[in-house]
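Number of protein chains: 2
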Amino acid sequence: MQLGLPRLIKPLDCYFFLLLHVGTNDIAKNNLEQIIADSVVLARRIKEFGVQVVSRSSSLLKEKAQAGTIKSWKLPPVVDYSFCKFRDGFRSRNGLVHVKNPHLDSMDENVLYHLNLGSKTHNLPVMFGEFVCVGGSPNRMKAFAQLMHKELGCERDGKDLKDICAGTDWYSVYKVGPVLSISHGMGISSISIMLHELIKLLHHAKCCDVTIIRIGTSGGLGIDPGTVVITDIAVDSFFKAWFEQVILDNIVVRSTELDKDLVEELLNCNKEIHDFPTLIGYTMCTYDFYEGRLDGALCSFSNEKKLAYLRRAYDAGVRNIEMESTVFAAICGLCGLKAAVVCVALFNQLELDQIKAPHEVLVEYQRRSQHLISLFIKKRLGLYNQMELLDNAFFLNN
Amino acid sequence: MQLGLPRLIKPLDCYFFLLLHVGTNDIAKNNLEQIIADSVVLARRIKEFGVQVVSRSSSLLKEKAQAGTIKSWKLPPVVDYSFCKFRDGFRSRNGLVHVKNPHLDSMDENVLYHLNLGSKTHNLPVMFGEFVCVGGSPNRMKAFAQLMHKELGCERDGKDLKDICAGTDWYSVYKVGPVLSISHGMGISSISIMLHELIKLLHHAKCCDVTIIRIGTSGGLGIDPGTVVITDIAVDSFFKAWFEQVILDNIVVRSTELDKDLVEELLNCNKEIHDFPTLIGYTMCTYDFYEGRLDGALCSFSNEKKLAYLRRAYDAGVRNIEMESTVFAAICGLCGLKAAVVCVALFNQLELDQIKAPHEVLVEYQRRSQHLISLFIKKRLGLYNQMELLDNAFFLNN
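If you're matching them up, the sequences are chains A and B in order. Its first residue numbered 14, the first sequence is counted upward by one per residue in this note's numbering. Its first residue numbered 14, the second sequence is counted upward by one per residue in this note's numbering.
Check before you lean on any hint, since a few could be wrong.
One copy or two, either will do: identical chains are not told apart, so a pair holds if it fits within one copy or between any two.
To be verified - Below 30 Å or equal to it, Euclidean Cα-Cα: the simulated BS3-like pairs (lysine-lysine) are:
1. Lys172 / Lys155
2. Lys155 / Lys188
3. Lys172 / Lys392
4. Lys253 / Lys163
5. Lys175 / Lys155
6. Lys175 / Lys369
7. Lys284 / Lys188
8. Lys133 / Lys369
9. Lys219 / Lys391
10. Lys219 / Lys319
11. Lys188 / Lys369
12. Lys188 / Lys133
13. Lys319 / Lys133
14. Lys351 / Lys273
15. Lys273 / Lys318
16. Lys219 / Lys369
In case anyone wonders, no lab produced these hints; they're calculated from the structure. Computed from a predicted structure; not experimentally measured.
Just chain A, with the same shape it has in the complex (with noise of 0.2 Å):
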């Protein structure tokens, strides 16, 4: 098998697909010892080529090896060595957004179904540009547009950007100069559509060194309300830094790490506002939102119990929680991306469950992240210091 993959993968192989040498013979007639030694060679191996890795194998070594050790969260080797680093084995060298799909080439027309586009009927090339803002309410997601509009000095007032995708239900699509402004809906299915019609977008764009941010909002652990968590590493409700992604009837194993040297630029933005809280920490994405409350239709479990849970969280480094972080990491890490999640939080969840906080307050958390991602994005363009500039000077001429 190890002396097969060099014949498997090739190095301009931009997917692969890989089976894991643990079989269900090998499970009949070896221990669990023996069959993580033989997977840890292979995944040395199979490291060097940074492959994804179908995880319904090593599932069953995690649940072997769960049932086998008292830390029953401790994964066997072969798990943590399944997760290469995506970006230096997927990264387009050129800066361009490239899709991992064989097939489009093939495709006549590529009709963006759910942002009502199409590689035919839009100029694409035209439309689009160099940063991309996601978040959850179109409402929110317009208002960062009419902000970015005002803080990018364009001409005209904000109020008339025109939804670019109008015309269907799902997303609302603004841009303003080189900004993306994008509602997902909320939930890891409704991102993920987004995310692939984006990415073919971009892609039939012939988008350059594109970075995306998600700027969402989120419930905190252990933080002030208010505060916002830029997002260090996506874990799931297990604490694991990965997003299992269901591809017909198998489960593939994404890696859910973001952009270090973006974190460390947005926290860097950061210390130039110094009128809210802002900190780098793992974020837990869920697949809903009221089953591991107390203020669902459905609850099976005491407060004690839920804020265990909460401190085992904030213990493993989880400092908020919402639910799209590991999916969009990883469909952005696979496509060469590179992803920020910077989420306010609106509550903190270690002291109540419901939000309620006046929305005039919620307003004001949430333009937070707004603001500093802005802030951002005129530092990227050079613009930051010329409107200080023209600021000063307009001052002292009046």
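Based on these hints, arrange chain B on the given structure of chain A.
The following block gives chain B in isolation, referenced to the frame of chain A:
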């Protein structure tokens, strides 16, 4: 453990938490057959109580069973037995919608954040009715509300129908007589949030004998585009009739059975409409739209592999694919709502991936399931024949 069950589980409990007797020690010292044998005896006992079963242990058994047998999807009996009759176990005797959350009673106010409603700020009992129809798109659910407005012979023009939940970006809610028409966005997370808040709302509104129907769109499997599929059972990507709900760091298996009588009633309604095909079939619920298709930004499998998988799905009884049915069936079942899923197939995924039918054709397809449900509601309300008589009388007098 078996002898202790009656002390653990009281007949009047409406939610349960139970650890299966398949612990780490057993895994270490017993073989698969012994573990399953023990579990089956225990599961038979559990089944008498009608309990949700925490499935990490059984998912371990599932993995072991998959590893230990050639028929890799044949699950050991324990997993089958873990399916209890939720509705028998949980349905309220008086037809009221019951929440299964003891914490709600102790809450001073219940804020339905995503619906922009509250138990203190709104008079919920006078607001809501007996039929709830949900679907992904706000515009589609407004169109359905307007159709019901016309079909129920309401006064005034249906065009001025107000969105009860205007002021939130997330969902639209329209009320026409006893019918609520609600949008739920795309995917399991989005509909799950709406259902939790809807069920709390129906509970506060003291609604009785509520029937809830998801009117959706879907990809067909071996059926003509435009065919309406009434879901028999909702299944996951592995063709299993369950929904795996993560609660804190546990995975709970929930039944996705739907109301058989309601399915029959809906099929009978269709017999009075002869202008489009309708059938009963399994509906497969996926976590995303693109990862199982050839036209996403990421694809690592061939068309042949995809078709082989879809043919296996077809052979398992699946006739259409969408993204909400399993969690919809699970939550509604647990809360005693009679639920159905009625989705029109926009295309046949065994033939093509991309949705290429003209907009007006897709709109006509979507009207089909709405038309069927409006007939169902009119018959339930005893209005169907009355309307006919009125129409005839009108015809005779003119």
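Violated hints - listed by number, lowest first: 4 and 15
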